Amino acid sequence: MVEQVRKLLEKRVTSVAELDELRKSILQKRDQSRTCISICGGTGCRAAGAEEILEAFYEEIEKRELQLQVELKETGCHGFCEQGPIAVIGPKKIFYRRLKPEDVPEIISETVLKGNIIERLLYVDPATSEKSTYESDVPFYKRQTRAILSANGEIDPTDIEDYIARGGYSALCKALFQMSPEGVIEEVKKSGLRGRGGGGFPTGRKWESCRQASGDMKYVICNADEGDPGAYQDRSLLEGNPHAILEGMIIGAYAIGSHRGFLYVRNEYPLAVRHARIAIEQAMDYGLLGENILGSGFDFTATINKGGGAFVCGESSALMASLEGKIGEPKAKYIHMSEKGLWDKPSLLNNVKTWANVPLIINKGADWYSGFGTAGSTGTMIFSLVGKINNTGLVEVPMGITLREMIYDIGGGIPNGKKFKAVQTGGPSGGCVPEQYLDTPVDFDELSKLGSMMGSGAMIVMDEDTCMVDIARYFIEFLKGESCGKCVPCREGLNRMSEVLNNITHGKAKREDLDTLEDLAGILGDGALCALGKTAANPVMSTLRHFRNEYLAHIDDKKCPAGVCRELIQYSIDPDRCEGCGRCLRSCPTGAISGEKKEVHTLDQSQCIKCGACYDVCKFNAVIKV
Amino acid sequence: MTKVWISGENTIDVKAADGINAVHLTVDDKEIVVSGGQTILEAVARLPGIGTIPALCYHPAVKPYGACRICTVEVSEDGGSKFRFVAACLYPVKEGLIVKTNTEKVRKLRKGIIELLLTRCPNVKRIQELAEEYGVEKPRFVLGDQDCILCGLCVRACHEIMGKSAINLVNRGIYREVAAPFYAYELGEECIGCGDCAFVCPTGAIEMGPDGKPILPKVKIPFAEIEAMMKQETVATS
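These protein sequences, in sequence, are chains A and B. The numbering of the first sequence is the numbering used here, which starts it at 135 and goes up by one. The numbering of the second sequence is the numbering used here, which starts it at 14 and goes up by one.
No lab work stands behind these hints: they were computed from the structure. Here the structure is a predicted model, which means the values were calculated and not measured. A portion of the hints provided could be inaccurate.
[To be verified] Chain B regions said to be covered by chain A (calculated; three or more residues, Cβ under 8 angstroms):
| hint | region |
| --- | --- |
| 1 | 73-82 |
| 2 | 121-127 |
| 3 | 144-157 |
| 4 | 181-193 |
Where a beta carbon is used, it is the ideal one built from N, C-alpha and C, also for glycine.
Turn these sequences into a full structure, and let the hints guide you.
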């Protein structure tokens, strides 16, 4: 026990000079000649088997007794999730992708020990067939500006020394000792940073009003309750670089005069919770959190609160109600949360990405930051590129880049030669942007002009096989399930909207139903209490605006042009093409297909449940979907 | 325009009413002075000459909640160039605020909300009256048969006035309902049978039972039914 306490006291950093010294000693301790292998431990790569790869590396290194020459590190998300599991072999940063445990011994013997490059593990650009040896050569990374995400691939999120070695907590030193709280706010204001959670409210102004709000007790909150389908930026940041967020929060707390912080993290993100917890513990041990931070006299502590699985708790007032231990439902924000928030005290709530931006702005200056992006939306933004796209992953680009650049240059276009149809931006309450607007610059204002929004930065790409009515129905179903049920427009309105949309996808709708949808959208937009309800109609309204023909096809012709809505399609077997192989017969779950081997098969419509299994397995394109 | 009705027979000069806490408002083109710290609904409710703002989830005895949204009005904070919709029961009065309680847009919005409520509760008298007032004939949706509009008045009365919290709102979205602790179907010892909940209920969904305890509205969706619904939903979405 005494030993432990002594160790803790030794770790404690009590001044800027000591922190600089610590940084120097960490760098000195590190043998620069060691080869560093960083394995991506992000969500995507873990799902693809990154843990097995890591295990294989451990075993191989142990077997060959290379512990002194090779440093193995599990880092946060590298972003290129499509190609996972990923390993980057330093110091040249050779980029190997889609690894299997069998590849590991070869990597050690060839690349690490001899410096040879293993060609088959390199990334090949499908468009140009060019191979990229180093991480920076990969087209996916080359076109990005990874100001925040770059650290993710380099540091071990469970080791504070990694973060400090990279210059971590230097922004905190600068803020605490060289800047006044007002100066910090001024810098953030000048940078033009806007809330990255979706609202896009100017961060500096929020900080200022929170500083000016009266009251001794103020709270700082990090919103990590990311719940949009297709978005995982916050998760990856918190998993991969939790100290950057903590540092941002401490600076924010110093700026507004708060001593207490909360990280509200989704419980479905166990790794993010774990890494944030480790980060807080380590920051406490090093004296970067707690009393008298770095000898400045400023105190700040932070704790983690796990969310209870409600999407609506990502909304600031619902999040605070949940923090208070009440039902997570929003309240009217006619008085801002920055004046009367958590326990009716001034509260500063920002998104994970917003907090991660803060140390950069303090360190490099507002001018550097506002050099990126457009006049109205400065800086970089992290998007998750998902759906029908070749390069699924996290991308960080300056604001103002066009959707086309994002989808085709970085995203690599649509797989299997299909045609692009629409991209849904901003999560479930965002809108679908069709092809003719692909050259729109992506920033807060331009997207809302199109009836969509920036939201959390999810980009769901859809190809020609997507039914837009079905997409609208899916998102309304999602929001219906996630509505807290407090106000009538949202609870009842979304329920009725899903009723009408289900009628349309089942071919039971009339033309008047489109007017009903528009009426309901009006009630939601004007009448709902919180942003979830107010924006909930966006997926319906944007698809109605850009894809009205598809709605009309469902209503008038009782046809689903994309062949998705089950009630409106029919499968049949083309006798001229059927070879009688029996694959469809075996795959049919209801026994609707009959026929002798080598003879034409037939499909009994009365038994068909339209699951599409036969369509998927047929090798001769003999199953027709109409 | 300087003389306005404040209450009953008394008239008062607007300019002369510059008390410490006086707030000048324009409500439906009438200039009025009210004391600050109230909401629009509270301020306007006591003034004659201005049409009443309908409200279902509001009761002067408990804190406003803003759930029914029927009290929505249009307000402008910048002297009339930009108007937005706010819930009158929650919005605090501010100096120079312009309020419109009964415009075409407001009536349309209220009509839409009432249609939704009538769909949920077609047999409730209070909703039927409102529907008649706002010209809602037949809802365009599949009718429900519930009495409770989930305004939360009973819950707030039990918590704020009695301090018992014997009932609360449980579940989310359309599965929301009023229930006793641990999702019980009947009230136990925690209920003192004061009847406050039944008294404040705007739709008469709560009645006092023979044992002196309220019978909660019959919106309870048994778990089996929820399961069946979920199954249906997954079939429909898969």
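Hints versus structure:
no.: 1; hint: 73-82; verdict: holds (count 5)
no.: 2; hint: 121-127; verdict: holds (count 4)
no.: 3; hint: 144-157; verdict: holds (count 3)
no.: 4; hint: 181-193; verdict: holds (count 8)
Against the hints set out earlier in the document, no violation occurs for any number.
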